[in-house]
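Spelled out, the chains give:
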Amino acid sequence: EAEVAQSPRYKITEKSQAVAFWCDPISGHATLYWYRQILGQGPELLVQFQDESVVDDSQLPKDRFSAERLKGVDSTLKIQPAELGDSAMYLCASSPWTSGRVAGELFFGEGSRLTVL
Amino acid sequence: QKEVEQDPGPLSVPEGAIVSLNCTYSNSAFQYFMWYRQYSRKGPELLMYTYSSGNKEDGRFTAQVDKSSKYISLFIRDSQPSDSATYLCAMKRTGGFKTIFGAGTRLFVKA
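For the record, the sequence lines run as chains A and B.
Each residue of the first sequence is one higher than the one before, starting from 1 at the first, in our numbering.
Each residue of the second sequence is one higher than the one before, starting from 1 at the first, in our numbering.
Hints are not guaranteed to be accurate.
[Claimed, not checked] Below, computed lysine to aspartate or glutamate pairings styled on DMTMM-like, alpha-carbon distance capped at 25 Å:
| # | chain 1 | residue 1 | chain 2 | residue 2 |
| --- | --- | --- | --- | --- |
| 1 | A | 11 | A | 63 |
| 2 | B | 98 | A | 105 |
| 3 | A | 11 | A | 24 |
| 4 | B | 98 | A | 63 |
If you are wondering where the hints come from, they were derived from the structure by calculation, not from laboratory data.
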């Protein structure tokens with residue numbers, strides 16, 4: 001069964017350092033999302049791509065976060081510099097333009113857990 | 001006030017119990033109502049969805065939506081230890097709008 005791949009699974013870094021997360025969505029899925037999930041909370045959308053274009057980055061802290069999906073396939077989320085409050089699970093999800101189950105069903109990867117010391 | 005409110009629990013029940021999980025919301029434009037299940041250290045996976053109001057049943061799981069009260073529920077019958085997870089309610093408007101998640105309820109089913 002096709003899955004969303006994410007790496008690294010775990011990342012420990014010191015504040016002020018740069019970190020990067022990578023996501024490879026399910027083949028053929030046009031829409032890609034990066035969510036942040038703080039412990040004990042639900043996922044919150046950081047950025048949404050439709051193919052290679054950003055369609056929603058209203059909640060992305062643009063002074064330190066950046067995201068790209070250059071060829072409309074895999075994507076990278078970068079944080080520079082990392083702050084203590086960035087400790088969270090960073091989830092990548094993808095969805096097809098239309099879904100057989102529900103419009104916009106999200107298929108999540110296993111996430112990248114970031115700890116900032 | 002958050003658009004979607006969900007009691008984070010934790011909720012602990014004995015095996016075989018009926019579990020009721022609930023969310024309230026404030027945005028009357030929501031049309032898709034979903035429940036995602038998230039096991040520890042894993043990403044969420046879609047469990048149930050409902051479009052607009054009504055009930056939907058899938059095996060031991062029943063999802064209910066009451067749009068007049070802005071209230072959705074997930075019922076789990078004959079709960080099993082393998083149902084122990086965090087259950088996230090989620091909602092979205094029609095079109096390309098983003099999915100909004102509740103905080104999630106942690107469920108523990110004791111054998």
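Now the hints, each set against the structure:
{"no.": "1", "hint": "A:11 <-> A:63", "in the structure": "holds, 21 Å"}
{"no.": "2", "hint": "B:98 <-> A:105", "in the structure": "holds, 11 Å"}
{"no.": "3", "hint": "A:11 <-> A:24", "in the structure": "holds, 18 Å"}
{"no.": "4", "hint": "B:98 <-> A:63", "in the structure": "holds, 22 Å"}
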